[in-house]
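A.B. asks: In case you want the letters, here they are:
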Amino acid sequence: MADRIVVEGLAKRYGSRQVVRDVSFRVGAGEVFGLLGQNGAGKTTTLECLLGLRRPDAGRIIVDGIDAIADPRALHARVGAQLQATAVHDALSVREAVRLFAACYPSRADAGALLARFGLADRVDARFATLSGGQKQRLAVVLALINDPTVVVFDEPTVGLDPQTRHELHQAIRELRRDGRSVVLTTHHLDEAAELCDRIAVIDRGSLIATGTPAELLARARAPTRIALATAPALIASVLSALPAVSAVEPAGGGWSLTSTAPTATVLALARAVEAAGVELTTLSVRPPTLEEVFLELTGRSPDGSPASATVAGAAR
Amino acid sequence: MIAGLAVHFRTTLLLAQRSVLAWAMVLGAPLFILASFISLNRTVKSYYQQHVPLALAISLFGAACFSMPAALAAERERGIWRRYRLTPLPTAGFIAGSALAHLLIALAATAVQLAIAVIAHRLLFATWLVPAHPIELAVAVLVVGIAYTCTGLVLAMAAGSGNAVIGLGLTFYLPMLTIGGLGIPLHKMPEVVRHVSCFLPGRWGVDVINAALFKPAGLAGVGFSLGALAVLALTGAIAAVGLYRWEPDRPLGWRGWLWLAFAFASWVAVGLTAEAMGVPGQKP
Chain P
5 MADRIVVEGL
15 AKRYGSRQVV
25 RDVSFRVGAG
35 EVFGLLGQNG
45 AGKTTTLECL
55 LGLRRPDAGR
65 IIVDGIDAIA
75 DPRALHARVG
85 AQLQATAVHD
95 ALSVREAVRL
105 FAACYPSRAD
115 AGALLARFGL
125 ADRVDARFAT
135 LSGGQKQRLA
145 VVLALINDPT
155 VVVFDEPTVG
165 LDPQTRHELH
175 QAIRELRRDG
185 RSVVLTTHHL
195 DEAAELCDRI
205 AVIDRGSLIA
215 TGTPAELLAR
225 ARAPTRIALA
235 TAPALIASVL
245 SALPAVSAVE
255 PAGGGWSLTS
265 TAPTATVLAL
275 ARAVEAAGVE
285 LTTLSVRPPT
295 LEEVFLELTG
305 RSPDGSPASA
315 TVAGAAR
Chain V
66 MIAGLAVHFR
76 TTLLLAQRSV
86 LAWAMVLGAP
96 LFILASFISL
106 NRTVKSYYQQ
116 HVPLALAISL
126 FGAACFSMPA
136 ALAAERERGI
146 WRRYRLTPLP
156 TAGFIAGSAL
166 AHLLIALAAT
176 AVQLAIAVIA
186 HRLLFATWLV
196 PAHPIELAVA
206 VLVVGIAYTC
216 TGLVLAMAAG
226 SGNAVIGLGL
236 TFYLPMLTIG
246 GLGIPLHKMP
256 EVVRHVSCFL
266 PGRWGVDVIN
276 AALFKPAGLA
286 GVGFSLGALA
296 VLALTGAIAA
306 VGLYRWEPDR
316 PLGWRGWLWL
326 AFAFASWVAV
336 GLTAEAMGVP
346 GQKP
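For the protein sequence lines, the chains are P and V, in the order given.
Each position in the first sequence, counted from 1, maps to that position plus 4 in this note's numbering.
Each position in the second sequence, counted from 1, maps to that position plus 65 in this note's numbering.
It should be emphasised that the hints constitute simulated quantities derived from the structure, not laboratory data.
Predicted model only: the values in this text are computed from it and were never measured.
From the three backbone atoms N, C-alpha and C, an ideal C-beta is built for every residue, glycine too.
Honestly, I wouldn't trust all of these hints.
To be verified - From chain V, some residues computed to sit far from chain P (all C-beta separations above 10 Å):
1. A71
2. K280
3. A326
4. A330
As the list claims (entries may be wrong) - Sample of chain V residues facing chain P (criterion: CB under 8 Å; computed from the structure):
5. V72
6. R147
7. R150
8. L151
9. A229
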């Protein structure tokens, strides 16, 4: 896969605060690349540098063969972006907003087709202020694609969206990938990142601390596997905590939740213990580490900023 | 690029036409003030005529201090300037286009004011109010509009939001009405006010419009006022460029305060020069 985006050694400082330090990544054509991190981790600044909105203090950014730092105008002709705030005047209609932004680019996509694809064809005369949150977000996506870009950037695209609209946006991002466009997105939703992204970079305190496919990140994790079980009658906790590789036993949903660093050995020993105790195993499930647990392991905090201990306790409950 | 900026210009006109604030401050309030002037001076022609330049200047100043900066500040606040920066067109082009569109609206509103003043003059005094120098009047209104617009750009760039513009605009507008020569003819004011008004941009605008409307010498007799407006326009434009920030949440910062000080220093410089040249004592 040819690299369409190359970011090398990116650094940005605001006053005395180093916001982004030595960030490097590459994104290929037809690839969806996710930037994960908490608020203030440096995601948006990285995107703003990538989009030519901010001049980095150091580093190199090449997008579709264009030096983003030296020639931001040429960059903007090729890149589409949907930023956090949907930036359209309240009093403009959908048609007028599309016409305004389409006129700003040398090459244009078929606006009518885009509006139809994102379910706005019957709302073209509606003022922006009267659109629902989902419709506003879809209009922002239409405006991001109005210049038929080769690279599309989404900053927290599904914040505040209902599940249906979120699903539609996911579908649209998959279609962009199928069209061969490169997509860079930031998100707090780790399930969304795992579902959509071909590769993910975790950014923490301005630095990239891990990059890889979701599967690679999960495989790299030392986070334990969780085993949920229920028996009739119930086994006592001391039996379960004596099983090999079990590091924690907690009551959960009328049964138990075990934390294991070697799930195969634990499950085999559990089967023997259940047989020896003469009880019936009514539920058994094995859940590998999730991307959220990987994130917690890497950063010590959850993507929404809560400390690791609180989130792990929450997950155990 | 031209096509994009042209569509933006048309869109700005459209948005202004849909803005209640723009209608109120560009046409509504000045018409109300004009109506007050007509009502209060309906029996004495000379008094009536003294107030016509004031009404035209108020129309231009209201547009420059409220509708234009409020629209621009709200665009930045909502991240629209950030979105503009993502297009290949220069953001300065969008801002200049917006300012130009609002100036055009202000000039149109001023023309409406003048037409009403002329008709009222005919009805009250049975004679037409004919400008002494019609072309110079058009030039005067344009120059005053540009100078006030540049002052308004400073407001737009300094204010953090559309709402902040209203507050800041009022702190400019009200002194201009009361002691700046926009609301009351300066020759009717105490001497101290005539001195103070030299430090405010309002009086220079009234001065050049008044000259083009009624003075035999026309604009040739108000060189200082024209120069003052040119200085205020230039320094306002420079300060606005210095104050420019596209980020919705970026505070003014110490550099911003320095640019504001620069803009107001030009007011002071004009005032001190006027004092040195004995302008406050001259007959209006």
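A.B. asks: Are the hints correct? Go through all of them and say.
C.D. replies: Now the hints, each set against the structure:
1. A71: violated (8 Å)
2. K280: holds (43 Å)
3. A326: holds (22 Å)
4. A330: holds (27 Å)
5. V72: For V72/V, the interface hint holds, since the closest Cβ of chain P sits about 4 Å away, which is under 8 Å.
6. R147: holds (6 Å)
7. R150: holds (6 Å)
8. L151: holds (5 Å)
9. A229: At about 18 Å, which exceeds the 8 Å cut-off, the nearest Cβ of chain P leaves the hint on A229/V violated.
The structure fails to meet hints 1, 9 from the earlier list, while all remaining hints are met.
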